[in-house]
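Residue numbers (this note's numbering), protein chains in the order written: chain A, 61 to 231; chain B, 61 to 231.
Hint data in this document are derived by calculation from the structure and do not stem from the laboratory. The model shown is predicted, which means the values in this text are computed figures rather than measured ones. Wrong hints could be hidden among the right ones.
One copy or two, it doesn't matter: identical chains are merged, so the pair holds either way.
Straight line, CA to CA, 30 Å or less: simulated BS3-like cross-link-like pairs of lysine-lysine [said to hold, decoys possible]:
| hint | residue 1 | residue 2 |
| --- | --- | --- |
| 1 | K161 | K95 |
| 2 | K62 | K177 |
| 3 | K221 | K177 |
| 4 | K95 | K62 |
| 5 | K188 | K62 |
2 protein chains.
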Amino acid sequence: MKISMHAMSVDVFTHTLGNVSWFLEKAARSAEQRKFDPGILLAARLAPDMLPLTRQVQIAGDIAKGAVARLAGQEPPRFEDNETSIEQLRARIARTVDFLKSVPASALEGAETRDIKLPAGERTLEFKGLDFLQRWAIPNVFFHVTTAYDILRHNGVELGKRDFLNGGREQ
Amino acid sequence: MKISMHAMSVDVFTHTLGNVSWFLEKAARSAEQRKFDPGILLAARLAPDMLPLTRQVQIAGDIAKGAVARLAGQEPPRFEDNETSIEQLRARIARTVDFLKSVPASALEGAETRDIKLPAGERTLEFKGLDFLQRWAIPNVFFHVTTAYDILRHNGVELGKRDFLNGGREQ
């Protein structure tokens with residue numbers, strides 16, 4: 061028995077995006093308790109030339125849905141980037157997860173050898189499916205998920221490894 | 061054809077740890093150019109109750125080697141946590157990568173169904189190998205790799221997505 065591209069993309073991304081939704085729930089609660097506008101957290105960044113929390117969350121989901129769609133040989137669905145509240149961002153994550161779950165394991169059969177072309181500014185990156193998952197999609201999703209977490213921790217939201225790995229659950 | 065546990069652990073971790081070594085090289089250069097002690101970067105944190113850069117780098121590697129060893133049914137090799145310079149941290153990463161590369165694909169055959177027991181404080185977490193890789197090892201390695209990157213970016217080291225994904229190379 062070997063493992064599947066579906067298990068290493070849809071399952072992994074669904075789980076971590078669910079955790080991001082949980083970070084955002086804790087962020088909303090933290091802002092309420094500390095009596096400030098949660099929009100301050102949404103606009104927070106770790107450096108002037110890094111993206112703010114809202115964009116980190118949008119991009120984490122977009123990379124996940126884009127990667128799974130491409131691995132399945134589909135065009136990824138496009139979402140407008142118009143969220144202005146934590147509630148709206150959590151709804152976007154839920155829509156993203158719904159899309160991921162709509163892609164059956166059968167659609168990713170053989171995806172490890174599929175040719176993936178990825179527009180990147182003026183260039184087009186080309187990968188085989190497995191390489192795309194290993195070196196582009198997984199690192200990139202976790203980059204934005206972790207940076208969202210780091211922005212919140214830097215701004216005093218009480219989060220720990222259990223929240224990061226498992227949405228606050230024991231295991 | 062399916063993909064292997066080896067491809068999704070050894071290959072993924074080797075690649076991302078190589079990128080961390082590259083972040084550290086850029087960090088050393090940045091400290092030199094900006095004329096401050098690089099130890100300041102090694103001690104930097106994103107929050108008072110988060111770990112500093114040195115620990116983020118040590119832990120990223122330890123999780124990778126611990127996870128691959130456990131998936132192979134081995135005890136992970138232990139490294140002393142005694143690095144005090146960027147050069148020493150890069151040497152530790154190189155030792156970690158050497159260990160990862162020493163584990164052949166055959167040692168991870170069937171690892172997806174292996175019972176993994178992980179000491180976690182007073183408790184022991186129990187996983188099947190695939191679940192351990194999906195929900196614990198991969199997210200955890202990328203958590204520490206990204207946080208190392210975020211600490212450096214927060215402290216003005218010039219890094220971008222290409223550095224994160226590919227050690228500064230085009231693709």
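Comparing the hints with the structure gives:
Neither within a single protomer nor between protomers do K161 and K95 lie at most 30 Å apart by alpha-carbon distance, with minima of 37 Å and 51 Å respectively. For the identical chains of this complex, K62 and K177 are neighbours both inside a copy (26 Å) and across copies (21 Å), given an alpha-carbon limit of 30 Å. Taking the closest pair of Cα atoms, K221 and K177 come within 30 Å of each other only across two copies (18 Å); inside a single copy the shortest separation is 35 Å, beyond that limit. For the identical chains of this complex, K95 and K62 are neighbours neither inside a copy (51 Å) nor across copies (51 Å), given an alpha-carbon limit of 30 Å.
In this assembly of identical chains, K188 and K62 lie within 30 Å of each other by CA distance both inside one copy and across copies; the values are 18 Å within and 14 Å between.
Hints 1, 4 from the list above are not met by this structure, while the remaining hints are.
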